[in-house]
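Under full-length UniProt numbering, the sequence shown is numbered contiguously, ending at residue 284.
Keep in mind that the hints were calculated from the coordinates and are not lab data. Heads up, the beta-carbon is just placed ideally off N, CA and C, and yes, glycines get one too. Please note that a few of the clues may not be correct.
Claimed, not checked - Calculated pairs, DSSO-like style, for lysine-lysine (alpha carbon to alpha carbon, straight line, at most 30 Å): (1) Lys-225 x Lys-213; (2) Lys-273 x Lys-213; (3) Lys-162 x Lys-233; (4) Lys-256 x Lys-225.
To be verified - Computed beta-carbon distance windows for the label pairs: (5) Ala-195 x Asp-128: 21 to 29 Å; (6) Gly-27 x Ser-260: 38 to 46 Å; (7) Gly-27 x Asp-284: 37 to 45 Å; (8) Ala-183 x Arg-105: 41 to 49 Å; (9) Asn-76 x Ala-186: 43 to 51 Å; (10) Gly-51 x Gly-18: 28 to 36 Å.
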Amino acid sequence: MVSRYVDIHPHVISDDEGAYPPAPLFGKRSDWSQERPSTVESLIAAMDEAGVEKAAVVHSSTTYGFDNSYVVDACNLYPDRLLAVGSVDVLEPDAPQTIRNWVERGLGGMRVFTGGSTKEFDASELDDPRAYPAWELLGELGLTMCIQTGPVGLPAVVSLAKRFPTVKIILDHLGRPDVTDGAPYAAAQSLWDLAPVESIYFKLTPRIMGDSKKGAATPETLFPKIVETFGAKRLAWGSNFPTSPGTLAEILATAKDRLSMLSTEDQEWVFRKTAQTLYPRLAD
Numbered sequence: 001m002v003s004r005y006v007d008i009h010p011h012v013i014s015d016d017e018g019a020y021p022p023a024p025l026f027g028k029r030s031d032w033s034q035e036r037p038s039t040v041e042s043l044i045a046a047m048d049e050a051g052v053e054k055a056a057v058v059h060s061s062t063t064y065g066f067d068n069s070y071v072v073d074a075c076n077l078y079p080d081r082l083l084a085v086g087s088v089d090v091l092e093p094d095a096p097q098t099i100r101n102w103v104e105r106g107l108g109g110m111r112v113f114t115g116g117s118t119k120e121f122d123a124s125e126l127d128d129p130r131a132y133p134a135w136e137l138l139g140e141l142g143l144t145m146c147i148q149t150g151p152v153g154l155p156a157v158v159s160l161a162k163r164f165p166t167v168k169i170i171l172d173h174l175g176r177p178d179v180t181d182g183a184p185y186a187a188a189q190s191l192w193d194l195a196p197v198e199s200i201y202f203k204l205t206p207r208i209m210g211d212s213k214k215g216a217a218t219p220e221t222l223f224p225k226i227v228e229t230f231g232a233k234r235l236a237w238g239s240n241f242p243t244s245p246g247t248l249a250e251i252l253a254t255a256k257d258r259l260s261m262l263s264t265e266d267q268e269w270v271f272r273k274t275a276q277t278l279y280p281r282l283a284d
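Sequences are here, hints too, so could you generate the full structure?
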């Protein structure tokens, strides 16, 4: 029975737009950040209610663009429980220095947001030579990189993983595969093809928890295949709270239900140990 949980994909939104003015990436603010804003104090309260010990808090690009001020300041208020994961424009010539500056302020991880709730995916910025100096610095600093993309971006992710093998990469939302065809999930072959690239890790978020019951998919056939393909040590749970509807406790309860067929050891990795591998500052 798993009793301790680490979340690697909640978000926080300030209620003080004067101190932290919205400036969304691509010029369109996400609906969820206006309908379900959550301050860091709200997140801590939700974590306490749900029984989540620690979290890697992901910067909201669709609220603040490349200004990581709130996620960094927020996590610095709770350094024993939270770690900030931020975004910079890795194509800019000064990206490495910008990353260093944010790390000095407390940033503990990085993310590239290529699309999602407000824009179609554009994978062109992933394997762009202009980004290579930033990636080299990630390896030097030991920073993990999250990538928000869909199947269209997976070839570029593989190229980056092979070019920078010391950088741990996490695919947000499991890379958004199509699993509605059901076992053996042939439509998600581009996902299964990532198995040999051991520096690529995967987030199990409410998106895949929901998709596991759509079409011909079932949790009992999908999640054991994911674990068999990648190993639990490359899988980590993320709540996507408050982007995904429901309380954090409800989101966690759904994840526990969907993954209940896994062994206790595999669940320990998914719900805590992999997160602590990716973000050592969240370790015990």
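How the hints compare with the structure:
1. Lys-225 x Lys-213: holds (15 Å)
2. Lys-273 x Lys-213: Between Lys-273 and Lys-213 the Cα gap is close to 26 Å, so the pair holds against 30 Å.
3. Lys-162 x Lys-233: Judged against 30 Å, a Cα distance of about 20 Å means the pair holds.
4. Lys-256 x Lys-225: The given pair, whose Cα atoms are some 17 Å apart, holds under the 30 Å limit.
5. Ala-195 x Asp-128: 21 to 29 Å: Taking Cβ atoms as reference, Ala-195 and Asp-128 lie about 26 Å apart, which means the hint holds.
6. Gly-27 x Ser-260: 38 to 46 Å: Distance hint for Gly-27, Ser-260 holds at roughly 42 Å.
7. Gly-27 x Asp-284: 37 to 45 Å: The hinted range 37 to 45 Å holds for Gly-27 and Asp-284, with Cβ atoms some 42 Å apart.
8. Ala-183 x Arg-105: 41 to 49 Å: holds (46 Å)
9. Asn-76 x Ala-186: 43 to 51 Å: holds (46 Å)
10. Gly-51 x Gly-18: 28 to 36 Å: holds (34 Å)
Violated hints for the displayed structure: none, as all numbered hints are satisfied.
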